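Start from the sequences and build out the full structure, keeping to the hints where you can.
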Amino acid sequence: VSSAGGSRREARIRQWAQDHDVDVVMCAEPAEILALSGFDPVGTFYLTAVLIPRADAAQLFTFRAEADMARHQSWLRDVLFWSHGENAVGRLADAIRAAARPVAGGRAVRVAVALDGWLPVSKLRELAACDGLELVAADHEVQDAAVVSAGERREVLRRAAAASNAAIAAGCSAVRDGALETEIAAAMVGAYRAAGGDEPGRPISVASGPRTALAHAIPAPRRVMAGEQVALRCWGTFQRSAAPAGRTVVALGAAAPAGATRAGDVLDIALAAGVEALRSECVAAHDVAQAMLAVITGSSASLAAAAQARQLPVGEVVGLSYPRHPSRFALRLGQPEPIRPGDVIVLAPAFPGATDGWARGCVTYAVTETGPEALAGLPGRDLAGAAP
Amino acid sequence: MTRGPAGPGRHDADGAMFSEAEFARRRHDAVSAVREYQLDALVISSHEHLTYLTGYEPPDLTAPFLLTLTRDEQPRLHAAPELLPWGSADLTSPLGAWRARIAEVEESGRVGLAAAAARTLRRELGGRGGAGARARIGFEGGWHGLSWSRQAQLQQLVEATWVEATHILTAERLRKSDEEIAVMARAAAVADRAMEATVSGITAGAREKDAALRGYDALAAAGSEYPSFPALLGTGPRSGLYHPLPTERVITPGDAVEIEMTAVFARYNSNIVRTVFVPPVAREQRQAWDCVRAAFDAALRQMRPGQTAGAVDDASRAARAPYARHIPSRTGYSVGLSYPPFLMQPLSLLTGEPARLEPGMVFSLEPSVAGARGETVILGCNVLVTENEPRVLNAFTREMLIR
Numbered sequence: 025v026s027s028a029g030g031s032r033r034e035a036r037i038r039q040w041a042q043d044h045d046v047d048v049v050m051c052a053e054p055a056e057i058l059a060l061s062g063f064d065p066v067g068t069f070y071l072t073a074v075l076i077p078r079a080d081a082a083q084l085f086t087f088r089a090e091a092d093m094a095r096h097q098s099w100l101r102d103v104l105f106w107s108h109g110e111n112a113v114g115r116l117a118d119a120i121r122a123a124a125r126p127v128a129g130g131r132a133v134r135v136a137v138a139l140d141g142w143l144p145v146s147k148l149r150e151l152a153a154c155d156g157l158e159l160v161a162a163d164h165e166v167q168d169a170a171v172v173s174a175g176e177r178r179e180v181l182r183r184a185a186a187a188s189n190a191a192i193a194a195g196c197s198a199v200r201d202g203a204l205e206t207e208i209a210a211a212m213v214g215a216y217r218a219a220g221g222d223e224p225g226r227p228i229s230v231a232s233g234p235r236t237a238l239a240h241a242i243p244a245p246r247r248v249m250a251g252e253q254v255a256l257r258c259w260g261t262f263q264r265s266a267a268p269a270g271r272t273v274v275a276l277g278a279a280a281p282a283g284a285t286r287a288g289d290v291l292d293i294a295l296a297a298g299v300e301a302l303r304s305e306c307v308a309a310h311d312v313a314q315a316m317l318a319v320i321t322g323s324s325a326s327l328a329a330a331a332q333a334r335q336l337p338v339g340e341v342v343g344l345s346y347p348r349h350p351s352r353f354a355l356r357l358g359q360p361e362p363i364r365p366g367d368v369i370v371l372a373p374a375f376p377g378a379t380d381g382w383a384r385g386c387v388t389y390a391v392t393e394t395g396p397e398a399l400a401g402l403p404g405r406d407l408a409g410a411a412p
Numbered sequence: 183m184t185r186g187p188a189g190p191g192r193h194d195a196d197g198a199m200f201s202e203a204e205f206a207r208r209r210h211d212a213v214s215a216v217r218e219y220q221l222d223a224l225v226i227s228s229h230e231h232l233t234y235l236t237g238y239e240p241p242d243l244t245a246p247f248l249l250t251l252t253r254d255e256q257p258r259l260h261a262a263p264e265l266l267p268w269g270s271a272d273l274t275s276p277l278g279a280w281r282a283r284i285a286e287v288e289e290s291g292r293v294g295l296a297a298a299a300a301r302t303l304r305r306e307l308g309g310r311g312g313a314g315a316r317a318r319i320g321f322e323g324g325w326h327g328l329s330w331s332r333q334a335q336l337q338q339l340v341e342a343t344w345v346e347a348t349h350i351l352t353a354e355r356l357r358k359s360d361e362e363i364a365v366m367a368r369a370a371a372v373a374d375r376a377m378e379a380t381v382s383g384i385t386a387g388a389r390e391k392d393a394a395l396r397g398y399d400a401l402a403a404a405g406s407e408y409p410s411f412p413a414l415l416g417t418g419p420r421s422g423l424y425h426p427l428p429t430e431r432v433i434t435p436g437d438a439v440e441i442e443m444t445a446v447f448a449r450y451n452s453n454i455v456r457t458v459f460v461p462p463v464a465r466e467q468r469q470a471w472d473c474v475r476a477a478f479d480a481a482l483r484q485m486r487p488g489q490t491a492g493a494v495d496d497a498s499r500a501a502r503a504p505y506a507r508h509i510p511s512r513t514g515y516s517v518g519l520s521y522p523p524f525l526m527q528p529l530s531l532l533t534g535e536p537a538r539l540e541p542g543m544v545f546s547l548e549p550s551v552a553g554a555r556g557e558t559v560i561l562g563c564n565v566l567v568t569e570n571e572p573r574v575l576n577a578f579t580r581e582m583l584i585r
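Chains as they are written, first to last, in this note's numbering: chain D, 25 to 412; chain S, 183 to 585.
Calculated directly from the structure, the hints in this document are not laboratory data. In this text the structure is predicted, and so the values were computed from the model without any measurement. A hint or two may mislead.
Said to hold, decoys possible - Stretch-level coverage of chain S by chain D, calculated; a stretch enters the list once three of its residues show a Cβ under 8 Å from a Cβ in chain D:
(1) 237 to 248
(2) 398 to 408
(3) 418 to 424
(4) 478 to 487
(5) 499 to 513
(6) 532 to 539
By construction, the Cβ of each residue, glycine as well, lies at the ideal position given by its N, Cα and C atoms.
Structure representation (structure tokens):
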């Protein structure tokens, strides 16, 4: 991420603070910290935040052991830190009060923070109890303002996509009758890391037979049987930018289960429908989900009711990706978030391919001013040529 | 609600990881601790505690859930659909390759999670928690998993005295059973192999990522699961960054190389940390290594039952007195069952910490000197506190490594 981009993001958040009569905005999500400071926190469990005062320079607050890394990486000049044995929340409150002093005067400092975000409830309660602070909820506009566009990180997204694709190719080669899921995963890990992939926001996923019902299956010591479907997914990440890919293959040695081929066809058409929806102007997450689910539920009456009732996602919108916070929001019915140029979209439909197995696909697109641009994934057919 | 049968422990290629008796003990001890704090119920929202009590390993750390534990020792799960791919009956299904010990399972939409848990609490508390009654209910606000809004909803829906209680199960988990120690030892052995493989790739001219790849391969080949904390590898000045992720930097003569590898089985994480030196080794680098090695040994000698966690750090710091300005962090922390981003459990080997060590506790003991010459020199192993001598779980050499 660039300091120029960071300055633009900071300015948007400062404008929000002025519009909402907030003295300091505190951004504590790891992805926000990287986007607003250039510092990539590795110990994301340490209390760390970027403080953006309404009328002063932004500051980075972090743990002492990572302070050198923060100074090395961050373009922010002020790096404050806390140490073991200190009251970290108290130090943070001090920093907030100091940062707000030019505008807050004698009244309580109004500090905006995502209440349902990264920070645990106990930390927020401690902060709320500090003298002279008034917590207010930072809404989604602050989170949106901190998003790093796909254009700014085009090269790292391509590296991430290449690592994803390498892992999926290796996984496909490793699928065979008798292979353990964990062995297939090991082949994927090797290829992924050899292609330069960094720590992914979600672990590599391998599921065989009935376990393909799990959307994010952790590889298990289960043996693949001939003719079974095996769903593979790699959340390929490079410098915290993710471009996931995934596909479902059938282990050779027996006939493919009834419905597997049809399931593959449905997935391809659903993916094409999702891509087509991304071409529309003013599209929301709900619209993309609806377009894809129309294909899926139209092909299976039993899925129609379930999809409505359970609102299972058909993909995700991904920003900078960290473990436990891999994506920004899900593509599901009822999700009103707009999809904008600069967003990175993961389309991940699923369809039951046999009585005990599901087919899963996963492709990544960047949304540009001129339409969606494929980043990662190995679709079974040319999506550009497929019509819903 | 559906009621599912209890099943056998999670299996891997070598057989069951944990017995039914182990899970029964955990539930019993957890409820005893809940009673000790005079609570009527505990609402669990940390993934670690869900796995610890039930064996269920949620595949999606972003999907919310609430697990209620009342005095009948029967966990009841309320979860978002993403956590229940086969619907409400299937956490007890063998399809997930493990079976969860959960008395009741209910699928809830995101909006309804708190309402569903509140309904269960009111029912199980037998009227307490309703209007006019006053139950005491613990919640886990110290971890990711419980949002501010959901906690507020719970408090609104269940009239009770709500008590921050994250510490109850984290304290329970500090002392490991024999079965847990066996899994930790297995993970430590695989971490050793990963460290050995990574060290074999350290040579002038190689890239950081090339060396790390050997470690990743060793971990994956052994069936290690995804770690709670990423592998670290930083060379030369990057080692001074303390938590360096591997990059494409080329290793150069004279570099110090900081490496951390973590192996995981059944979510039990075991990490190992080393600094490796690439010739020519400077006199200051040898001095720093000797100091860190002495600090490790001094701390290890303190790791006996009854000793305070603070005294371990004190001994380690005394041995590193010449580098006092370059001690960035605690000497160690407890380790065990965890999910990202937490590798550590809450007990730190940190000066002033009054908690006393007990047999069965496992720590990552990892004294370091950071920032002297811009490098980090560190030596870390997992150490089990026993009735007698502390047991280092890693067999990998603790001698100075020069590649």
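Which of the stated hints cannot be reconciled with the structure, identified by number in ascending sequence? The structure breaks only hint 4.
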